[in-house]
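Trainee: Those protein sequence lines, which keep their order, are chains L and Z. In terms of this note's numbering, the first sequence is residues 1 to 428. In terms of this note's numbering, the second sequence is residues 1 to 113.
Treat the hints loosely; a few may be bogus.
Unchecked claim - Okay, derived cross-link-like pairs now, DMTMM-like style, lysine to aspartate or glutamate, Cα gap no bigger than 20 Å in a straight line: (1) Lys-427(L) x Asp-334(L); (2) Lys-353(L) x Asp-92(Z); (3) Lys-31(L) x Asp-16(L); (4) Lys-198(L) x Glu-105(Z).
Said to hold, decoys possible - With the C-beta cut set under 10 Å, the calculated list includes, among others, these residues of chain Z facing chain L: (5) Thr-7; (6) Ile-76; (7) Gly-90; (8) Pro-99.
The hints are simulated quantities; they were obtained by calculation from the structure and are not laboratory data. Treat the numbers as computed from the prediction; the structure is a model and nothing was measured. Where is the CB? At the ideal position from N, CA and C, for every residue including glycine.
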Amino acid sequence: MVFEHAVCAFCGCVCDDIAVTVEDGRITQAKNACVLGKAWFLSHGQPSDLPAARINGHAVSLEAGIDYAASLLSQAHYPIIYGLSSTSCEAQRQAIALSETIGGNLDCCTSVCHGPSGMAVQGVGEPTCTLGEVKNRADLLIYWGSNPAESHPRHMTRYAVTPKGMFIPNGRKDRTVVLIDVRPTPSSRAADILITPKPGKDFELLWALRGLILGNKIEEASLAETGVTLEQLTDLAIRMKKSHFGIIFIGQGLTQSRGKHLNTTAAFMLVRDLNRTNKFALMPMRGHGNVTGIDNVLAWQTGFPFGVNFSKGYPRFNPGEFTIVDVLSRDEADLIMSVASDPIASLPATARKRAAEVPMIAIDTHESETTRRAQVAFIAATAGIGAEGTVYRMDNVPLHMDKILDLPFPSDEELLSRLHTRVKELKS
Amino acid sequence: MPEGKLTLITGRSTRQGAGISTGKELEEYQTATTVILLSPIDMERFGLHDKDAVRLKTRFGSATVTCRSGDLPAGIAFLAFGPAANQLVGGDTQLSGMPDTKGFEIEVEPIPA
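Given these sequences and hints, build the entire structure.
Mentor: Below, the structure is given as C-alpha cells:
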C-alpha cells in the first residue's frame, strides 16, 4: 500500500510530499524523502520485542507502569518534564497539563537548540514569513550559522534556493545565496557568496551590519577581530537594501556560540530595521521534529515557549533557572520525566549526572540510553507513523500527520493522558 | 608528541542525524559521532594522519576519538553532536538555558599507536 503525501516529522522542514510504501506491516520505501527522512520512515515497523512498559527493566502491564509512574510524579517536589520535540501537539498538550497538575518544570529541546531565538522573539518581535513566501518571493537568501545540506537536506531544493516561484520564475537564477559560517560545509557549494567570520564574532558582525543598514559609518578597525572586511559587509548591506524580498535563516551557529540570545537579538533587530525600507524576514532553522509545535502549544497555553515552571500555581519563565541543563546541573530536580527525547545521550555530562541520582520516567518510540536508565520506561507509537497528530513546520504552519502503520504501542498522547488522570486521582 | 589547543565546533551531520533513527548503538552513528575533523595545517602541526586516535580535553571531561583531515580553517575543528562531544561541554549556560556547544577551546592530545 502506498500512502501519498505522508508527512515527515524528522526535521523542521516537515515535508508533506512523501510517498510511503507499506508492505507486510513495514515501511519499505519513502519516495522524495531525504537521507534523514528515509532513515526515520524505514526504521519503523521492524519487529520489536520491547514491552510497552517496564519497571526497573522488568516488563509489567501498562496499568502497573502508569500507576507507578503516576505515584512518582504525584510525590515529587521539583520534577522536570523534558523533551517533547518528536511527538504530536496533542501529546504536548497532555504533557503541559500534567506538568501544571504536579506543579513542576516543563522544558523542551528548544532550550538546547533555538531557545535563544525564542528569547529574541520576546525581546524584539519576529519579522517572519512562511516557507511558501520564501519560495515565491525571496531573491536574497542568507544562511547564517546554518548548514542546511546536512541538517535540513531538502530545505534548499524544496523551499528556498532552487524552486521556481510565483515572482521567481527562473528559480535559482533569480536568487543570490549568501552563506555565513566559520567553516566551509557541504552547504557552501550552493552559495554565491561565502563569508567566513572567526568563531564567536557573530554579534559584532550583526551589530555592524545593522549600523550600515541604518546609514551609520562603520570603521574598518572595528571589524578587525571578526575576520570579515568592511568591504564584504558593505557589499552584503547593499545587496540586502537592493533585494525585493530577503530572508535570513539562522542556525545553531548563532544560538550555540558566544552571545547566544544576544546574537539572535541582534539578528532580529537587523531584520526589523531593514523593514523600514525593504521586505525582509528572518526564520530560525528549527531542527528536532515537532519542536516548533511544543513552542507554539506551550506559548499559547502559558505565554512562554520553553523553560516553564508551575511550582507557584501559575506559569513562570526564566531561562537559566527552569531550563533542563541548569535544573539538572544544579542538582535541583528530584524527578525527571523524558518524553520523546534522549537526554541521557544528548545533555552535557554535568546535567546527566543528576539523572543517575533521582528517579526517571521515560516515554520514547525506541530503546535509548534514557529508556534503559529509567526506573519506569514506556515505548510509544511514533507520532506521524503509528499515531496521527499535528506537527508544526519551522515556519509555524501546522500540518496533520496520518497514522500509517499499526504499531503494538499506545501513542504518547494516550500515555500522557492516562498518566495525568491517574496523577489527579492520587492527588485527590 | 606535540599537544595543543583548538576551537571546537560541534554540530549536526547527515550521518549523525540518520543514525538517530537507525540506531545510536550501530556503526553509522558511532562512527559519525567519534571522528573529529581537523584542518590539514593542524593535522600536520600535531603530527596526525587520518584515523589516528586523539584525546580531547576540557575542564569538564575528556573523550577519545579518531581524527580526519577536513576542509576547515586552521585552529578550528568539527565534531558531530553525540556522546563524545557531550563529555566536553559544561553545564554553565550564562542564564540562557543553552550550554556552550560551539566555539569552545579544547586540548588535543595525540594518542600513540
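Trainee: Now tell me, hint by hint, if it's right for this structure.
Mentor: We went through each hint and held it up to the structure:
1. Taking the CA atoms of Lys-427(L) and Asp-334(L), the gap is about 18 Å. The hint holds against a cut of 20 Å.
2. For the hint linking Lys-353(L) to Asp-92(Z), the alpha-carbon distance of about 14 Å falls within 20 Å, and the restraint holds.
3. Between Lys-31(L) and Asp-16(L) the alpha-carbon distance is near 11 Å, which keeps this suggested pair within the 20 Å criterion.
4. A distance of roughly 13 Å separates the Cα atoms of Lys-198(L) and Glu-105(Z); the hinted pair therefore holds under the 20 Å criterion.
5. About 5 Å separates the beta-carbon of Thr-7(Z) from the nearest beta-carbon of chain L, less than 10 Å, and the hint is met.
6. Using the Cβ-Cβ criterion of 10 Å, the hint placing Ile-76(Z) at the interface with chain L is satisfied: the shortest such distance is roughly 6 Å.
7. At a threshold of 10 Å, the smallest CB-CB gap from Gly-90(Z) to chain L is about 6 Å, leaving the interface hint in force.
8. Contact between Pro-99(Z) and chain L, as hinted, is supported at the beta carbon level, the nearest pair being about 5 Å apart and thus within 10 Å.
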